Amino acid sequence: MNNPRKRLRRTMMFVPGNSPKMINSADTYGADSLMFDIEDAISITEKDTARHLVANALKAMKFHSETVVRINHPTQTPFGIDDLKVILPAKPCMIRLPKVEDVSEVELVAKEIEKVEKENGWEAGTINVIGAIESVKGLYNVREICKHPRMVAIALGAEDFITDLKTQRTKTGIELYYAREAILMAARDAGIQCMDTVFSDVKDMEGFAAEVTRSRDMGFDGKSVIHPKQITEVHRIYTPDDKQIAKSLKILDAFEDSLKNHKGVLNVDGKMIDKPIVARAQRVIDLAKASGVNVEEKRAQA
Amino acid sequence: MKNSLGREIPEHIPGYKEFRLYEGPFKYMPEHPGAAKKIKVAKPRDNKVLASIDEAIEKTGLHDGQTISFHHHLRNGDYVMKMVVERLAAKGIKDITIASSSISSCHDFLIDYIKDGTVTALETSGLRGELGKFLVKNPQAVKKPTIIRSHGGRARAIEAGELHIDVAFMAAPTCDRRGNATGRIGKSAFGSMGYAMIDSAYADQVVLVTDNLSEEPIYPYSIPQTDVDYIVPVEAIGDPAGIASGAIRITKSPTQLLMAKYAAEIMEQTGCLKQDFSMQMGSGGASLAVAMFIREKMQAKGITGSFGVGGITGIFSDMVKDGLFKAAYDTQTFDTTAVKSFTENPNHLEISASFYANPWNNGPIVNYLDTVILSATEVDLDFNVNVITDSNGMCIGASGGHSDTAAGAAMTIVVVPLIRGRLPMIRNHVQNVITPGETVDVIITDRGIAVNPLRKDLLEKLEGSNLPLMTIQELQQMAYDMVGKPEEVKMSQDDKDIVAVIEYRDGSIIDVIRKPLDD
Numbered sequence: 001m002n003n004p005r006k007r008l009r010r011t012m013m014f015v016p017g018n019s020p021k022m023i024n025s026a027d028t029y030g031a032d033s034l035m036f037d038i039e040d041a042i043s044i045t046e047k048d049t050a051r052h053l054v055a056n057a058l059k060a061m062k063f064h065s066e067t068v069v070r071i072n073h074p075t076q077t078p079f080g081i082d083d084l085k086v087i088l089p090a091k092p093c094m095i096r097l098p099k100v101e102d103v104s105e106v107e108l109v110a111k112e113i114e115k116v117e118k119e120n121g122w123e124a125g126t127i128n129v130i131g132a133i134e135s136v137k138g139l140y141n142v143r144e145i146c147k148h149p150r151m152v153a154i155a156l157g158a159e160d161f162i163t164d165l166k167t168q169r170t171k172t173g174i175e176l177y178y179a180r181e182a183i184l185m186a187a188r189d190a191g192i193q194c195m196d197t198v199f200s201d202v203k204d205m206e207g208f209a210a211e212v213t214r215s216r217d218m219g220f221d222g223k224s225v226i227h228p229k230q231i232t233e234v235h236r237i238y239t240p241d242d243k244q245i246a247k248s249l250k251i252l253d254a255f256e257d258s259l260k261n262h263k264g265v266l267n268v269d270g271k272m273i274d275k276p277i278v279a280r281a282q283r284v285i286d287l288a289k290a291s292g293v294n295v296e297e298k299r300a301q302a
Numbered sequence: 001m002k003n004s005l006g007r008e009i010p011e012h013i014p015g016y017k018e019f020r021l022y023e024g025p026f027k028y029m030p031e032h033p034g035a036a037k038k039i040k041v042a043k044p045r046d047n048k049v050l051a052s053i054d055e056a057i058e059k060t061g062l063h064d065g066q067t068i069s070f071h072h073h074l075r076n077g078d079y080v081m082k083m084v085v086e087r088l089a090a091k092g093i094k095d096i097t098i099a100s101s102s103i104s105s106c107h108d109f110l111i112d113y114i115k116d117g118t119v120t121a122l123e124t125s126g127l128r129g130e131l132g133k134f135l136v137k138n139p140q141a142v143k144k145p146t147i148i149r150s151h152g153g154r155a156r157a158i159e160a161g162e163l164h165i166d167v168a169f170m171a172a173p174t175c176d177r178r179g180n181a182t183g184r185i186g187k188s189a190f191g192s193m194g195y196a197m198i199d200s201a202y203a204d205q206v207v208l209v210t211d212n213l214s215e216e217p218i219y220p221y222s223i224p225q226t227d228v229d230y231i232v233p234v235e236a237i238g239d240p241a242g243i244a245s246g247a248i249r250i251t252k253s254p255t256q257l258l259m260a261k262y263a264a265e266i267m268e269q270t271g272c273l274k275q276d277f278s279m280q281m282g283s284g285g286a287s288l289a290v291a292m293f294i295r296e297k298m299q300a301k302g303i304t305g306s307f308g309v310g311g312i313t314g315i316f317s318d319m320v321k322d323g324l325f326k327a328a329y330d331t332q333t334f335d336t337t338a339v340k341s342f343t344e345n346p347n348h349l350e351i352s353a354s355f356y357a358n359p360w361n362n363g364p365i366v367n368y369l370d371t372v373i374l375s376a377t378e379v380d381l382d383f384n385v386n387v388i389t390d391s392n393g394m395c396i397g398a399s400g401g402h403s404d405t406a407a408g409a410a411m412t413i414v415v416v417p418l419i420r421g422r423l424p425m426i427r428n429h430v431q432n433v434i435t436p437g438e439t440v441d442v443i444i445t446d447r448g449i450a451v452n453p454l455r456k457d458l459l460e461k462l463e464g465s466n467l468p469l470m471t472i473q474e475l476q477q478m479a480y481d482m483v484g485k486p487e488e489v490k491m492s493q494d495d496k497d498i499v500a501v502i503e504y505r506d507g508s509i510i511d512v513i514r515k516p517l518d519d
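Protein chains in written order, with the numbering used here: chain S, 1 to 302; chain C, 1 to 519.
Among the hints, a few may not be true.
With a Cα cut of at most 30 angstroms, we get these calculated DSSO-like pairs of lysine-lysine [unchecked claim]: (1) C:K143 to C:K115; (2) S:K243 to C:K297; (3) S:K250 to S:K271; (4) S:K21 to C:K143; (5) S:K6 to S:K247; (6) S:K21 to C:K301; (7) C:K187 to C:K340; (8) S:K229 to C:K261; (9) C:K461 to S:K243; (10) S:K62 to C:K485; (11) S:K203 to C:K301; (12) C:K252 to S:K229; (13) C:K461 to S:K203; (14) C:K297 to S:K203; (15) C:K297 to S:K229; (16) S:K21 to C:K252; (17) S:K21 to C:K485; (18) C:K252 to S:K171; (19) C:K490 to C:K456; (20) S:K21 to S:K85; (21) C:K461 to S:K298.
Keep in mind the hints are simulated off the structure, nothing from the lab.
Note that the structure is a prediction, hence the values are computed from the model and not measured.
Between the sequences and the hints, there should be enough to build the whole structure, so can you do that?
In structure tokens:
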């Protein structure tokens with residue numbers, strides 16, 4: 001099984017939990033993670049339908065992608081705990097805790113998970129948590145939230161967040177600049193992954209690509225997506241290009257050579273190479289491999 | 001009796017004196033001569049223009065037991081078949097065989113004329129709509145099973161004399177007073193007259209029905225005056241809304257797009273996307289959407305194709321306009337964008353159904369296709385394809401050029417979702433075979449791709465591919481794991497309950513459509 005802390009999560013696709021058709025086809029588009037939503041996309045009258053539909057889908061179907069269920073908030077709504085009771089025995093990979101504002105909420109979910117893991121004889125850590133920061137209060141507590149041992153990733157939920165800020169989404173993303181940075185820092189400090197928020201205009205692929213490129217450059221591990229066509233685009237942007245791969249291979253080879261032959265200061269193409277550069281090169285190669293690039297073929301071509 | 005695909009064919013089929021069983025796509029080699037046009041002598045200054053359909057029926061001497069033909073270029077907007085059959089019924093003429101190149105749901109009116117005995121047999125490409133349901137439930141309402149032919153097979157049957165047409169009623173968007181007809185102009189312009197060209201060339205008598213009788217000479221023409229006996233001007237030959245849809249757009253369905261992307265990838269990875277390649281794609285869903293991905297790949301590689309064939313859509317004619325392909329060979333023009341291209345672009349070429357796909361000539365264009373991308377109602381473990389009946393045995397489609405292009409193309413790709421509703425689309429045996437598996441190379445579903453094991457060359461080329469390749473059995477099992485194995489539909493084995501006979505393109509019997517039994 002993939003280590004949940006290291007798993008590739010370039011894309012997490014939202015799938016409405018009350019649509020059998022969408023649940024049925026969700027796995028075919030190649031998203032790294034599928035997030036079945038039984039929270040915001042589901043009206044109050046449909047909550048129990050969605051909850052049972054998603055649980056049954058998880059039990060009956062084989063998914064290639066990581067499975068995540070976005071539950072209703074366990075204390076701010078009357079549905080969250082019931083959601084957990086039905087969803088956890090169906091063994092999703094992760095629970096997405098929306099609108100998290102305090103680490104005690106993560107703890108509440110974690111306790112429910114632990115109970116179900118023990119009842120079923122599952123290894124501890126079978127089911128993990130991704131939290132979503134959707135308010136200023138949550139943002140102020142994000143460092144503590146990220147450090148809970150059940151947390152493997154943190155996400156930004158922009159729509160509620162900007163409502164809280166009393167502003168709106170812009171193409172530049174200026175309104176989310178601090179939140180993105182703060183969440184990312186907290187995630188890195190805690191050693192967990194960080195997912196960027198959705199881009200809801202599915203027709204604007206150019207704007208989408210620009211936003212994904214920006215958040216990749218900021219350091220995000222991936223993007224939440226709402227339409228299959230966004231998946232290919234994110235994966236394209238997250239896949240290192242041939243030049244990056246060639247350069248990284250050169251650095252890693254030189255590093256290996258210096259270790260073997262006890263060389264001192266290392267340089268490649270006239271530039272000094274130190275530890276962080278080697279680490280970054282390794283990350284490029286790992287990402288390329290995970291994205292399905294045949295790295296050995298690239299090495300031969302180089 | 002069983003044919004080489006193992007399909008059970010009855011020993012006697014009403015309407016056939018003798019028939020051949022299907023043995024393989026290029027097994028039968030005929031040696032007999034073909035049909036010839038009846039000799040006519042026209043007198044100087046003969047007037048061909050008549051006042052009405054009634055007059056045309058009288059002048060042609062149409063009588064009980066004859067065969068009349070129509071083309072399907074007016075698609076679901078056709079008025080001509082109804083105006084003719086209504087007048088035949090009014091005159092008390094009975095026992096007519098309708099040989100239309102295809103039938104749409106606008107022809108559901110035929111049910112009434114089958115019930116009153118005006119029409120007693122059909123020979124066409126497919127059955128659908130209410131007429132399809134009626135004939136599946138009441139096979140004995142007609143004198144003999146409907147004969148289903150592919151587009152190439154119909155052209156062959158006409159040219160070989162197996163389908164003899166007494167009178168062809170050909171809708172013409174524009175013609176002059178001598179009978180030179182075109183589909184390029186007129187209020188009902190539909191583009192290519194590819195199917196009408198064969199009927200006009202071989203029918204004993206040809207009646208053009210037009211809503212634009214031109215005083216000017218028409219050139220270029222699709223039907224020449226030398227083939228035409230009479231012309232009947234009418235107010236309208238069809239409903240513009242049903243004739244040509246506005247520009248056909250590429251599907252937005254993520255599942256269809258996914259399958260289209262796989263098809264384009266298969267073409268690239270098997271080396272089909274090379275300079276001067278040729279291809280045909282369908283007019284809807286995933287097969288048309290392939291165009292979008294092909295365009296991207298062609299531009300990225302900096303290559304151009306040679307030609308495209310088929311029912312031509314605006315999506316394809318735009319690729320010709322943009323210089324991505326050098327020519328479009330067109331038997332049937334699908335939308336308004338393509339009709340415009342047909343009128344304006346000299347590289348958008350009109351071809352007859354025989355030039356398109358007739359297996360019995362010196363080289364139909366399908367023989368030169370590198371790739372064809374086709375759809376299916378269902379497929380089976382032997383790669384056989386059904387496009388005419390659904391999994392419950394109801395007639396919902398047409399043979400069209402499916403088996404013709406599959407036989408001709410170097411690589412045939414079929415796209416079909418793995419599951420529709422709650423039914424797996426990979427059966428042990430398809431309900432009915434239109435296209436034999438030995439001519440089908442790749443089956444693409446939304447969950448995986450299977451290559452025909454006969455095509456070892458393709459399998460070799462795809463080794464190490466990142467595509468979800470698996471065996472057809474694995475694909476079927478995946479569907480079964482999700483929705484279970486469906487119960488077989490029980491079919492009547494009584495010979496009287498044969499709804500239709502499916503001819504392969506060479507005229508051999510590939511399958512029969514039987515009536516499903518009610519539970």
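Going back to the hint list, which numbers does this structure go against? As far as the earlier hints go, 4, 6, 13, 19 are violated by this structure, in ascending order.
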